[in-house]
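Trainee: Okay, so the sequence shown: first residue is 1 according to this note's numbering, each after it adds one.
Hints were generated in silico from the structure; no laboratory data involved. If you're wondering where the values come from, they're calculated on a predicted model, not measured in any experiment. A hint or two may mislead.
In the PhoX-like style, the derived pairs of lysine-lysine whose C-alpha atoms are separated by at most 20 Å in a straight line are [what the hints assert, rightly or not]: (1) 236 / 249; (2) 418 / 512; (3) 411 / 492; (4) 186 / 138; (5) 219 / 75; (6) 475 / 411; (7) 418 / 370; (8) 475 / 436; (9) 186 / 75.
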Amino acid sequence: MTEQTTPQTHAFQAEVAELLNLMVHSVYSETDVFLRELISNASDACDKLRYEAIAKPELMAGNERLAIRLTADPKARTLAIADSGIGMTQQELIDNLGTIARSGTKAFLKGLAEAKDGTGLIGRFGVGFYAVFMVADKVEVTSRRAGSDETWVWRSEGGGGFELTPATEEQAARVPRGTEVLIHLKSDETKYSERYELERIVRTYSDHILFPIELVDDKGEAKQINAASAPWQRSKSELKPEDYTEAYKSLANAFDEPALTLHYRAEGRQSYAVLLFVPTMRPFDLADPGRKGRIKLYVRRVYITDDAELLPSYLRFVRGVIDSEDLPLNVSREMLQNNPQVGQIRTAVTGRVLGELESTAEKDSDKYRKIWDAFGPVLKEGLYEDHERRTQLLGLCRFASTASDEPRSLKQYIADLKPNQTEIYYLVGESIERLKANPKLEAARARGLEVLLLADPIDAFWTMMPGDYDGKPMKSLSQGDVDFSLVPLVDKDAASPADAPEADKDVLTVVKESLGEQVSEVRASQRLTDSAACLVASAGARDRELERLLARQDRGSGAKPVLELNMRHDIVKALARAIEEKKESDVADLSALLLAQAQILDGEVPPDPAAFARRLNDLIVRGLRA
Numbered sequence: 001m002t003e004q005t006t007p008q009t010h011a012f013q014a015e016v017a018e019l020l021n022l023m024v025h026s027v028y029s030e031t032d033v034f035l036r037e038l039i040s041n042a043s044d045a046c047d048k049l050r051y052e053a054i055a056k057p058e059l060m061a062g063n064e065r066l067a068i069r070l071t072a073d074p075k076a077r078t079l080a081i082a083d084s085g086i087g088m089t090q091q092e093l094i095d096n097l098g099t100i101a102r103s104g105t106k107a108f109l110k111g112l113a114e115a116k117d118g119t120g121l122i123g124r125f126g127v128g129f130y131a132v133f134m135v136a137d138k139v140e141v142t143s144r145r146a147g148s149d150e151t152w153v154w155r156s157e158g159g160g161g162f163e164l165t166p167a168t169e170e171q172a173a174r175v176p177r178g179t180e181v182l183i184h185l186k187s188d189e190t191k192y193s194e195r196y197e198l199e200r201i202v203r204t205y206s207d208h209i210l211f212p213i214e215l216v217d218d219k220g221e222a223k224q225i226n227a228a229s230a231p232w233q234r235s236k237s238e239l240k241p242e243d244y245t246e247a248y249k250s251l252a253n254a255f256d257e258p259a260l261t262l263h264y265r266a267e268g269r270q271s272y273a274v275l276l277f278v279p280t281m282r283p284f285d286l287a288d289p290g291r292k293g294r295i296k297l298y299v300r301r302v303y304i305t306d307d308a309e310l311l312p313s314y315l316r317f318v319r320g321v322i323d324s325e326d327l328p329l330n331v332s333r334e335m336l337q338n339n340p341q342v343g344q345i346r347t348a349v350t351g352r353v354l355g356e357l358e359s360t361a362e363k364d365s366d367k368y369r370k371i372w373d374a375f376g377p378v379l380k381e382g383l384y385e386d387h388e389r390r391t392q393l394l395g396l397c398r399f400a401s402t403a404s405d406e407p408r409s410l411k412q413y414i415a416d417l418k419p420n421q422t423e424i425y426y427l428v429g430e431s432i433e434r435l436k437a438n439p440k441l442e443a444a445r446a447r448g449l450e451v452l453l454l455a456d457p458i459d460a461f462w463t464m465m466p467g468d469y470d471g472k473p474m475k476s477l478s479q480g481d482v483d484f485s486l487v488p489l490v491d492k493d494a495a496s497p498a499d500a501p502e503a504d505k506d507v508l509t510v511v512k513e514s515l516g517e518q519v520s521e522v523r524a525s526q527r528l529t530d531s532a533a534c535l536v537a538s539a540g541a542r543d544r545e546l547e548r549l550l551a552r553q554d555r556g557s558g559a560k561p562v563l564e565l566n567m568r569h570d571i572v573k574a575l576a577r578a579i580e581e582k583k584e585s586d587v588a589d590l591s592a593l594l595l596a597q598a599q600i601l602d603g604e605v606p607p608d609p610a611a612f613a614r615r616l617n618d619l620i621v622r623g624l625r626a
């Protein structure tokens, strides 16, 4: 068309300014999404033409190439997004880009309030396109429907309405088929006319759009900037190991090789494709306090978010993509995690990931060992958070142990139970080295009982909840009473606490009186064979390591420990003699020394180090003089 006719002005039926203000400030959290929406619309237009051309091949006659092209002009402060798709007629421009007028602001606000998460509103209200007004002063849409000779221009500043005019000859020549969206950028949004910024956004949000996305350079030459291939939508037989590696590196922005790959398609009540990877190396953001996952959510190959909580936080080391065919393109991408369909996907995919880890642990122990070494402490967070899968997660866990230098599974532990052993024993502490030297292991060692050594901070938390594995209760050696009497000694001639004469109750009473409120109880120990004393928690209290961790954050309960004494130890015997001889000074010093010694063995510093040193020196001097 060569003549410009009088524009057709269409007034919006409701306060569009209020609607756009709501959308810009409430619906979207990042302005980058406008480009994702426009590219997604362009991709849909190409898909529609490809579908219609099956019955009407003439629609693509003379130009069978389907593509999306970005042209930026920093000087003019413009950005154009053009596609060679189906295009729109005059009426379709009114219907598709004026749906807010047709639906009304009040209807949109009512729909948003009722939907809460915005489910389905984009398609009904055209809000996806209107995201462009977050960055635009003015928008011109030039479109020619495939098979039509007419080209129309839709123009709006996002205020009271829009206008339609037939395209000029120049405009019509620029869009032989499809649609061009020309954006006049706001003065503070000029970054969207920079080519490197556009390339970054496309690679982040639209890399796997299945049509080429081209960026025009300064010389007018177009370069494809997206992969134009979604590997998760292809069958496993089409992909080679190196294809998976490249997909992993691209999706996860990683440089290592994937240790594990999970690729499948779910069909049934929901249809979605899954391509997930377990890294070899720990991602740098694994210790992020937010503990957020990094699984990208796509809907029909359109990127939605990487923060939809598609896996529980204890699987946040997993990277990859889940692409749904059923989820709606919500107004609020940030609210997708509240969608019940997402919850169903989350449950199913979590089960598949854990199942794949189980299979790897069974079939390739060396590979699983590397995965466990890298992510074991994170996976163990599930023991505290996911009660439904606790047994499955316990089966995946590997523990340091007194029985081996290699990490052991609970299945291996149970297979090696001693005669009459009915419990799984463990000890929690700050480090494996310190745990191996802990005196609480002495009686267990004397009977050849295996004890799991738990030195990760999360161990102090998940063990606080009663639990068992394969019907065997898990028992801490730092909490409550222990009774090993039914398990035979390795050395049958060695003395056992159970064989010792009945403890002198007077000694225990006097030591408790001497120490006062520093301990909750003093009792004869069944744990010790060589050391003089140790500290444990009472049966109903928190484990000693958990209490220490919480105390450092001023969250401890202040529960006092139980002091256990080895009644056959020479120091305890000397204490008994001092009581008989009424040497009150020696009784006080020896009682305090036993408590301080137990504290040091637990990795604590005595409350008064100077008094401890002075008391110890006095006892040594007295012994030397004697």
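Trainee: Taking the hints in turn, state whether each one holds.
Mentor: Structure-based check of each hint:
1. 236 / 249: holds, 18 Å
2. 418 / 512: The given pair, whose Cα atoms are some 36 Å apart, is violated under the 20 Å limit.
3. 411 / 492: Judged against 20 Å, a Cα distance of about 29 Å means the pair is violated.
4. 186 / 138: Holds, at about 8 Å.
5. 219 / 75: holds, 15 Å
6. 475 / 411: At roughly 16 Å apart (the allowed maximum being 20 Å), residue 411 and residue 475 satisfy the hint.
7. 418 / 370: violated, 30 Å
8. 475 / 436: holds, 17 Å
9. 186 / 75: The hint holds at about 13 Å.
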